[in-house]
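Peer 1: Protein sequences, first through last, are from chains A and B. With full-length UniProt numbering applied, the first sequence closes on residue 222, and no number is skipped along the way. With full-length UniProt numbering applied, the second sequence closes on residue 222, and no number is skipped along the way.
These are calculated hints, taken from the structure and not from any lab test. There may be inaccurate statements among the hints.
Same chains, same label: a pair holds when it works inside one copy or across any pair of copies.
Claimed, not checked - Simulated pairs of lysine-lysine, DSS-like, Cα-Cα distance not exceeding 27 Å:
#1 K121 with K193
#2 K138 with K215
#3 K117 with K128
#4 K128 with K138
#5 K24 with K128
Number of protein chains: 2
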Amino acid sequence: MTARLFHVPLSPFCRKVRLSLGEKKIEVELVEERYWEQDPDFLRRNPAGKVPVLRLDGIMMSESAAICEYIEETRPEAPLLPSDPVQRLEVRRLVSWFDDKFHHEVTSKLLYERVNKKVTKQGYPDSKNVKAGAKAIKYHLDYMTWLLDHRRWLAGDVMTLADFAAAAHLSSLDYISDVDWNRSAVVKDWYAKIKSRPAFRSILADQVPGFPPPKQYNNLDF
Amino acid sequence: MTARLFHVPLSPFCRKVRLSLGEKKIEVELVEERYWEQDPDFLRRNPAGKVPVLRLDGIMMSESAAICEYIEETRPEAPLLPSDPVQRLEVRRLVSWFDDKFHHEVTSKLLYERVNKKVTKQGYPDSKNVKAGAKAIKYHLDYMTWLLDHRRWLAGDVMTLADFAAAAHLSSLDYISDVDWNRSAVVKDWYAKIKSRPAFRSILADQVPGFPPPKQYNNLDF
Numbered sequence: 001m002t003a004r005l006f007h008v009p010l011s012p013f014c015r016k017v018r019l020s021l022g023e024k025k026i027e028v029e030l031v032e033e034r035y036w037e038q039d040p041d042f043l044r045r046n047p048a049g050k051v052p053v054l055r056l057d058g059i060m061m062s063e064s065a066a067i068c069e070y071i072e073e074t075r076p077e078a079p080l081l082p083s084d085p086v087q088r089l090e091v092r093r094l095v096s097w098f099d100d101k102f103h104h105e106v107t108s109k110l111l112y113e114r115v116n117k118k119v120t121k122q123g124y125p126d127s128k129n130v131k132a133g134a135k136a137i138k139y140h141l142d143y144m145t146w147l148l149d150h151r152r153w154l155a156g157d158v159m160t161l162a163d164f165a166a167a168a169h170l171s172s173l174d175y176i177s178d179v180d181w182n183r184s185a186v187v188k189d190w191y192a193k194i195k196s197r198p199a200f201r202s203i204l205a206d207q208v209p210g211f212p213p214p215k216q217y218n219n220l221d222f
Numbered sequence: 001m002t003a004r005l006f007h008v009p010l011s012p013f014c015r016k017v018r019l020s021l022g023e024k025k026i027e028v029e030l031v032e033e034r035y036w037e038q039d040p041d042f043l044r045r046n047p048a049g050k051v052p053v054l055r056l057d058g059i060m061m062s063e064s065a066a067i068c069e070y071i072e073e074t075r076p077e078a079p080l081l082p083s084d085p086v087q088r089l090e091v092r093r094l095v096s097w098f099d100d101k102f103h104h105e106v107t108s109k110l111l112y113e114r115v116n117k118k119v120t121k122q123g124y125p126d127s128k129n130v131k132a133g134a135k136a137i138k139y140h141l142d143y144m145t146w147l148l149d150h151r152r153w154l155a156g157d158v159m160t161l162a163d164f165a166a167a168a169h170l171s172s173l174d175y176i177s178d179v180d181w182n183r184s185a186v187v188k189d190w191y192a193k194i195k196s197r198p199a200f201r202s203i204l205a206d207q208v209p210g211f212p213p214p215k216q217y218n219n220l221d222f
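The shape of chain A in the complex, shown without the other chains (with noise of 0.2 Å):
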């Protein structure tokens, strides 16, 4: 049975189990699922009524940090945890930063402001939050060339979740031209390299009506 993937387009949660998958060549089909009508078969399928749910191994799965460890657990080729539980620690760390801190601070004030309003005529974006948002992501993206100064990756030498975890919220928000890539080279290396594997691909694809993508988004010499 293919393993089968309820989402929506832009959600991070839901691109950082589409890149685990695509990294382990996972093939699933992706069907969007429109949460927010709370339809009873999709409550019936996670209770906590959010996208990513992922059908796989004949098994309903719901939250994305939990999926991402059952995937690697069972597939562990690879791998997209270290061995070593320090650099674990790290990594988990980081996937936390993104999913809790940066979701909070940036991806809600402008992703969901912007676009999720609308899609679920919740009304218009409130200008506070998107000065807010817009605000924060600069502070994030000097963390993050922080950490590149010192790394080849966000969490070490290798790619590993929190580089997903990462380029889930900044590839959801280069969609609506979110991103001053020019505010960081590292930053901008790092996401060129993200961008241009295989993994990337179906993400570059997504189209969302009413929201047509900018020319840099699905180009890897951006």
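Keeping the supplied structure of chain A fixed, place chain B upon it in accordance with the hints.
Peer 2: Positioned in the frame of chain A, the structure of chain B alone reads:
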């Protein structure tokens, strides 16, 4: 070198780490951290500016999910994660349920409004939020009831991190009398079991100035 935890007493994320440390019999020195003052020393320990921060094995650690996985990987005795990947998935799904959904819908709307706002001098509780939190906790207690009708512990037949995540949130809310234990006998029994573990002792001894705990808080036969 003794382990040292920078924490605040009622933070559910700190409590989850304390419960993990306690269950593994790792002695820890507790240091209260006024994280909201964003002291430069503290920001050096954790640039995310949040608690918990744990010094263990000579490393400064942040993000409770990453910390608990590290403890589990380096101290596998008294396991808090089962060995089967599907069961681990369920444990991690529920940890995220409480640390994300429950936190957002309940803890932040009750505990943060009633206590954190006062402690950090951010004004008065917003009654709209308090009302929403008081409503949402009922749904969550019902979900726990449904789980515990089918299982001995939240994620299956053994006690896991999922139980500690849930107990961390509920115990903090119980400190301000925001849990209606009469709503569900199975949830009350579950909480009595977990409350009587030695790992819970330090949590039941917590005192927050200006917020004396109610009588049932540290009563094992509540």
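Peer 1: Each hint needs a verdict: does it hold in this structure or not?
Peer 2: Now for the hints, and whether the structure bears them out:
Taking the closest pair of Cα atoms, K121 and K193 never come within 27 Å of each other, the shortest separation being 36 Å inside a single copy and 45 Å across copies. Taking the shortest alpha-carbon separations for K138 and K215, only the intra-copy value of 22 Å comes in at or below 27 Å, while the best inter-copy value is 48 Å. Within a single copy, K117 and K128 get their C-alpha atoms as close as 15 Å, and across copies as close as 21 Å, so both meet the 27 Å cut-off. In this homomeric assembly, K128 and K138 come within 27 Å of each other (Cα to Cα) only inside a single copy, at 16 Å, whereas the closest approach across copies is 33 Å.
For the homomeric pair K24 and K128, neither the shortest alpha-carbon distance inside one copy (40 Å) nor that between copies (46 Å) is at most 27 Å.
Checked against the numbered hints listed earlier, the structure breaks hints 1 and 5; every other hint is satisfied.
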